[in-house]
Amino acid sequence: QKEVEQDPGPLSVPEGAIVSLNCTYSNSAFQYFMWYRQYSRKGPELLMYTYSSGNKEDGRFTAQVDKSSKYISLFIRDSQPSDSATYLCAMSPRPFMDTGRRALTFGSGTRLQVQP
Amino acid sequence: EPEVTQTPSHQVTQMGQEVILRCVPISNHLYFYWYRQILGQKVEFLVSFYNNEISEKSEIFDDQFSVERPDGSNFTLKIRSTKLEDSAMYFCASGEGATDTQYFGPGTRLTVL
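First to last, the sequence lines map onto chains A and B. When we follow the numbering used here, the leftmost residue of the first sequence carries the number 1378, and every step to the right adds one. When we follow the numbering used here, the leftmost residue of the second sequence carries the number 80, and every step to the right adds one.
Okay, chain B solo, but in the shape it has when bound:
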């Protein structure tokens, strides 16, 4: 069964450093998302991406964040200058678009020291 994959599973970085989180969505899906979950809190929407552009973003997704689909298979989230409060699980999701169902990857745990 096709699934969303994410790398790395765990990323440790120093405050102020740039990180890139990578995702490979399900191959025939057209809609791509990033969510985050701070430990013990609810899953929060960051951004959606469709037709090679951002279609929606939350207040969390400020100028420090960017997304890219550099080729036909990868979808990345970049945090330019990480802060302590960026420590969280980051989930990539994809959807085929016929319904609102979104399929999540296993997540990348980001730890900012």
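Pulled out of the complex, with its shape left as it was, chain A reads as follows:
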């Protein structure tokens, strides 16, 4: 079983739709969860991060973590064509008080296309 699984898509939605992106993971030690957006041949851009279970909202984006199910989600409201990109989930097993050991484990990414 892969440590982090993510549906590769592509996911195609009309402009204005609510988008739901998900990852599952197997390592119960993961405590920090991040979502990155990556445009073609560019570096990952940090969108959201959460620590442990719960919800976090930032503008049109909501990140949700359910540690009991080992399942994380990113919701995008009122999706725009500019949201078209690959969305990567990433997670880290190290608590923030540790010293420098923060290797991120990434999902394979979901390609999102928002049609105008």
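Wrong hints could be hidden among the right ones.
[Stated by the list, open to error] Under the rule of at most 30 Å between Cα atoms (straight-line distance), these lysine-lysine pairs were calculated in the DSS-like manner:
1. K1433(A) - K121(B)
2. K1419(A) - K136(B)
3. K1419(A) - K121(B)
4. K1433(A) - K1419(A)
5. K136(B) - K121(B)
6. K1444(A) - K136(B)
7. K1447(A) - K1379(A)
8. K162(B) - K136(B)
9. K157(B) - K136(B)
10. K1433(A) - K1444(A)
11. K1447(A) - K1419(A)
12. K1444(A) - K121(B)
13. K162(B) - K1379(A)
14. K157(B) - K121(B)
15. K1379(A) - K136(B)
16. K121(B) - K1379(A)
17. K121(B) - K162(B)
18. K157(B) - K1419(A)
19. K162(B) - K1419(A)
20. K1433(A) - K1379(A)
21. K121(B) - K1447(A)
22. K1379(A) - K1444(A)
23. K1433(A) - K1447(A)
24. K1447(A) - K136(B)
25. K1379(A) - K1419(A)
[As the list claims (entries may be wrong)] For the chain B half of the interface with chain A, some residues (derived, Cβ under 8 Å), not all of them:
26. I105
27. F124
28. E135
29. S137
30. F170
31. Q181
32. Y182
33. F183
34. P185
[Unchecked claim] Simulated restraints on C-beta separations:
35. P149(B) - P1387(A): 19 to 29 Å
36. H89(B) - G1393(A): 33 to 43 Å
37. G119(B) - G1393(A): 27 to 37 Å
It is worth saying that the hints were derived from the structure and are not from the lab. Cβ atoms here follow ideal geometry from the backbone N, Cα and C, with glycine treated the same way.
Assemble chain B onto chain A, guided by the hints.
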């Protein structure tokens, strides 16, 4: 807004040659990383660097790889003898340490011929 920068954006080299990829992390950050992404595959961790030493490395980061912070601003990745399978995008990232958030640079595309 501060950002991580990387040079060059694209490096072409012959198999067996040494390459050095350069990064300037965000200035007040203390934690530095290298990741790579082979075309069509997931982003993979290579190495983390903190307090002037390697704090963690993956199986990929073998003796052919080394990292250095030669001054207060640059962070480099050296591949001593490149192989065809080293062709990938190499991303530098940095973090301030208060959380696990890491900010990525735009990447260097390495092509080994």
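Tested hints:
1. For the proposed pair K1433(A) and K121(B), the alpha carbon gap of about 25 Å is at most 30 Å, so the pair holds.
2. A hinted pair counts as satisfied when its Cα atoms are at most 30 Å apart, and K1419(A) with K136(B) qualifies at roughly 24 Å.
3. For the proposed pair K1419(A) and K121(B), the alpha carbon gap of about 13 Å is at most 30 Å, so the pair holds.
4. Simply put, K1433(A) and K1419(A) have alpha-carbon atoms about 26 Å apart, close enough for the 30 Å limit, and the pair holds.
5. Distance restraint check for K136(B) and K121(B): the Cα-Cα separation of roughly 17 Å lies within the 30 Å cut-off, and the hinted pair is therefore satisfied.
6. Proposed proximity of K1444(A) and K136(B) is supported: the alpha carbons are some 26 Å apart, at most 30 Å.
7. A distance of roughly 13 Å separates the Cα atoms of K1447(A) and K1379(A); the hinted pair therefore holds under the 30 Å criterion.
8. At roughly 19 Å between alpha-carbon atoms, K162(B) and K136(B) fall within 30 Å of each other, so this suggested pair holds.
9. This hinted pair checks out: K157(B) and K136(B) have alpha carbons roughly 14 Å apart, not beyond 30 Å.
10. Taking the CA atoms of K1433(A) and K1444(A), the gap is about 14 Å. The hint holds against a cut of 30 Å.
11. For the given pair, K1447(A) sits about 29 Å from K1419(A) by alpha-carbon distance, which is consistent with the 30 Å threshold.
12. A C-alpha spacing of about 23 Å is found between K1444(A) and K121(B), which places the hinted pair at or below 30 Å, so the restraint holds.
13. The hinted pair formed by K162(B) and K1379(A) meets the criterion: a straight-line CA distance of about 27 Å does not exceed 30 Å.
14. Pair hint K157(B) plus K121(B) holds up; C-alpha atoms about 22 Å apart against a cutoff of 30 Å.
15. A distance of roughly 20 Å separates the Cα atoms of K1379(A) and K136(B); the hinted pair therefore holds under the 30 Å criterion.
16. The straight-line distance between the Cα atoms of K121(B) and K1379(A) is roughly 12 Å, inside the 30 Å bound, and the hint therefore holds.
17. Of the supplied pair hints, the one linking K121(B) and K162(B) holds, its CA atoms being roughly 20 Å apart against a limit of 30 Å.
18. The suggested pairing of K157(B) with K1419(A) holds, with an alpha-carbon distance near 21 Å, which does not exceed 30 Å.
19. Between the alpha carbons of K162(B) and K1419(A) the distance comes to roughly 23 Å, so the proposed pair stays at or under 30 Å and holds.
20. The hinted pair formed by K1433(A) and K1379(A) meets the criterion: a straight-line CA distance of about 26 Å does not exceed 30 Å.
21. This hinted pair checks out: K121(B) and K1447(A) have alpha carbons roughly 20 Å apart, not beyond 30 Å.
22. Only pairs whose Cα atoms come within 30 Å are accepted, and K1379(A) paired with K1444(A) is accepted, the gap being roughly 17 Å.
23. At roughly 17 Å between alpha-carbon atoms, K1433(A) and K1447(A) fall within 30 Å of each other, so this suggested pair holds.
24. Under the criterion of a C-alpha separation no larger than 30 Å, the hint pairing K1447(A) with K136(B) is consistent with the structure, at around 25 Å.
25. With a C-alpha separation of about 25 Å, the suggested pairing of K1379(A) with K1419(A) holds against the 30 Å cut-off.
26. Hint on I105(B) is violated. Least Cβ distance to chain A is approximately 12 Å, over the 8 Å limit.
27. Interface hint at F124(B): satisfied, since its Cβ lies 4 Å from the closest Cβ of chain A, which is below the 8 Å cut-off.
28. Below 8 Å, beta-carbon pairs count as interface contacts, and E135(B) has one with chain A at about 5 Å; its hint therefore holds.
29. Look at S137(B): its Cβ gets to within about 7 Å of chain A, closer than 8 Å, so that hint holds up.
30. Annotation: interface hint on F170(B) holds; nearest CB of chain A at approximately 5 Å, less than 8 Å.
31. This hint holds: Q181(B) has a C-beta 6 Å from the nearest C-beta of chain A, less than the 8 Å allowed.
32. Given the 8 Å rule on beta carbons, the hint for Y182(B) holds: about 6 Å separates it from the nearest Cβ of chain A.
33. The closest approach between the C-beta of F183(B) and any C-beta of chain A is roughly 4 Å, which is under the 8 Å cut-off, so the hint is satisfied.
34. For P185(B), the shortest C-beta to C-beta distance to chain A is roughly 5 Å, which falls under 8 Å, so the interface hint holds.
35. Judged by the Cβ atoms, the range 19 to 29 Å given for P149(B) and P1387(A) is violated: they are separated by roughly 42 Å.
36. Against the hinted window of 33 to 43 Å, the Cβ-Cβ separation of H89(B) and G1393(A) comes to about 37 Å, which satisfies the hint.
37. Distance hint check for G119(B) and G1393(A): the Cβ-Cβ separation is about 30 Å, which falls inside the suggested range of 27 to 37 Å.
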